Amino acid sequence: MRWLWRCVVLVAGVGGWQLWASAAGSTFFPPPSTIVTRMHRLWFSGPAAHLFLTADATGNLLPSLGRVLAGLAIATAIGVPLGIALGRSPAVTGYLNPLLQFARALPVVTMAPVFIVLFKIGTEMEIATIVFGTVWPILLNTIDGAASVDPVQLETGLVFQLSAWQRLIRVIVPAALPKAFAGFRLSLSLSLILMVFAELVGSSDGIGYEMSNASNSFDMTFLWSTIVLLGILGYLLNALLGGAERLVLAWHTDKGQD
Amino acid sequence: MLEITDLTRAYGRGAAAHVALDQVNLSVARGELVSVVGPSGCGKSTLLRCVAGLIAPTAGQVVLRGTPVQRVPDGLAVVFQDYGRSLYPWLTVRDNVALPLRRTTRARAARRGAADASLAEVGLHGVGDRYPRQLSGGMQQRVAIARALAADPVLLLMDEPFGSVDAQTREDLEDLVLRVRQERDITILLVTHDIDESVYVGDRVVVLTPGPGHVRADLPVGLPTPRDQISTKEQPAFVRLRTEVSRLVRSRDVAAAVPPESGTRAGSEP
Numbered sequence: 001m002r003w004l005w006r007c008v009v010l011v012a013g014v015g016g017w018q019l020w021a022s023a024a025g026s027t028f029f030p031p032p033s034t035i036v037t038r039m040h041r042l043w044f045s046g047p048a049a050h051l052f053l054t055a056d057a058t059g060n061l062l063p064s065l066g067r068v069l070a071g072l073a074i075a076t077a078i079g080v081p082l083g084i085a086l087g088r089s090p091a092v093t094g095y096l097n098p099l100l101q102f103a104r105a106l107p108v109v110t111m112a113p114v115f116i117v118l119f120k121i122g123t124e125m126e127i128a129t130i131v132f133g134t135v136w137p138i139l140l141n142t143i144d145g146a147a148s149v150d151p152v153q154l155e156t157g158l159v160f161q162l163s164a165w166q167r168l169i170r171v172i173v174p175a176a177l178p179k180a181f182a183g184f185r186l187s188l189s190l191s192l193i194l195m196v197f198a199e200l201v202g203s204s205d206g207i208g209y210e211m212s213n214a215s216n217s218f219d220m221t222f223l224w225s226t227i228v229l230l231g232i233l234g235y236l237l238n239a240l241l242g243g244a245e246r247l248v249l250a251w252h253t254d255k256g257q258d
Numbered sequence: 259m260l261e262i263t264d265l266t267r268a269y270g271r272g273a274a275a276h277v278a279l280d281q282v283n284l285s286v287a288r289g290e291l292v293s294v295v296g297p298s299g300c301g302k303s304t305l306l307r308c309v310a311g312l313i314a315p316t317a318g319q320v321v322l323r324g325t326p327v328q329r330v331p332d333g334l335a336v337v338f339q340d341y342g343r344s345l346y347p348w349l350t351v352r353d354n355v356a357l358p359l360r361r362t363t364r365a366r367a368a369r370r371g372a373a374d375a376s377l378a379e380v381g382l383h384g385v386g387d388r389y390p391r392q393l394s395g396g397m398q399q400r401v402a403i404a405r406a407l408a409a410d411p412v413l414l415l416m417d418e419p420f421g422s423v424d425a426q427t428r429e430d431l432e433d434l435v436l437r438v439r440q441e442r443d444i445t446i447l448l449v450t451h452d453i454d455e456s457v458y459v460g461d462r463v464v465v466l467t468p469g470p471g472h473v474r475a476d477l478p479v480g481l482p483t484p485r486d487q488i489s490t491k492e493q494p495a496f497v498r499l500r501t502e503v504s505r506l507v508r509s510r511d512v513a514a515a516v517p518p519e520s521g522t523r524a525g526s527e528p
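Residue numbers (this note's numbering), protein chains in the order written: chain Z, 1 to 258; chain L, 259 to 528.
Facing chain L, according to a computed beta carbon distance under 10 angstroms, are these residues of chain Z, among others: (1) 156; (2) 163; (3) 166; (4) 171; (5) 174; (6) 251.
Pair by pair, the computed Cβ-Cβ distance ranges are: (7) Z/163 - L/276: 29 to 35 angstroms; (8) Z/85 - L/264: 38 to 44 angstroms; (9) Z/85 - L/422: 32 to 38 angstroms; (10) L/422 - Z/15: 52 to 58 angstroms; (11) L/422 - Z/3: 37 to 43 angstroms; (12) L/324 - Z/82: 42 to 48 angstroms; (13) L/313 - Z/163: 18 to 24 angstroms; (14) L/276 - Z/110: 47 to 53 angstroms; (15) Z/14 - L/368: 58 to 64 angstroms.
These aren't lab readings, by the way, just hints derived from the structure by calculation. Please read all numbers here as calculations on a predicted model, not as lab measurements. Don't be surprised by glycine CBs; every beta carbon is placed ideally from N, CA and C.
In isolation and in its complexed conformation, chain Z is listed as follows (with noise of 0.2 angstroms):
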């Protein structure tokens, strides 16, 4: 019954924003029946061999995504095992603290101009602005979540004689992988501001593009279309997420058990 209502709830927002907007009759607030028309038309009515996508979704749509699971993937691989190995070392970490916290504070976006002159504009500045601002999510609850293991589990390995090795892949990273999902969770969304804000800055395609393409012509359709988007792409990695998450901590979750 409850999804019903989520539904009743979906569609009666929507519906008030149609109405509200046919009749505001407004340039700058077009209704969302327009939004998806255009929507459609530009993106996703393409032959069906390319899975009904047009030549603009494929050049925009595509290089914006891979942007991001790019940017994710590296901040992933630097953030996880640095962080395991920060969080079983107190002693390093608290060296190292300041610093993290210094650079954990810096606005990504003022590093923009930064990465623009070491990369140059284009797809290797885009991505270093999202590793740059995704690493820390991960990176810090990772380092709290390996430093947290009860000592217990710790001991028992070591009764059970367990080589560092296993200890480390059996007990440890298990252990830790509930906080750095937390981390991961929060990457995500930050992920996809930063792969719009590292597109507006420069670039010559991805979904960051278009928005100042229209931006610069007043298309307010076309710019709404391109925030819709946004909005179901966030939504749809978001649900993509939290799939993976009940499949690897199926153990942790009250949900996961039966």
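Add chain L to chain Z, keeping to what the hints say.
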């Protein structure tokens, strides 16, 4: 089998040091089940950690089968008090039990088979694919015992193993321990704060003084086997012994008035 000589363990250094164990002497013969009982804070857990090689003694030594314990020795298994923390929640029951076998057994199927056999030995059937949290506390502690037995240890250390389960389950688990040591060639050192339990399961009861822990008394139990929760506990010998242990554990004055060396069959020489 196990020789503990002048074992002293202090936490911290200098004047601020907290001495948990002070010159503990204890020897356990092969196949014996020795209960160590004492008020909380008497260093029972510190004693077990030293025997397990998890912490190094400040002075004295622990010798297991002729070899001084410097790290976790082979052939040792531990059942911790807190099964909720010592069983890995991310592993199924079977994988938890099979984990210690990774060292010795390469084939996964063989490990799984051994784990199932060990689970059956403690009376658990058909729960191998579940996660620890899906089992009751008593069943979880059975899993912990199965895990300890899986690697076929010669020495089993139990740290207040039944402190977190209800009375009925506790009695069942005590009988399980008695059955296991009957069926296997295993030596057990069981730390507990429950006086009835220490007498019921033990061949000997070692009473520690409150911190710093010191052997106040080392009493032979001498009750007939097999033991039974009802008939053993109503025997005058049981009642007499539990009363004596209770007195030794409770009376803090004895520690001050009478040096531990002059206690009943004191464990250490003057």
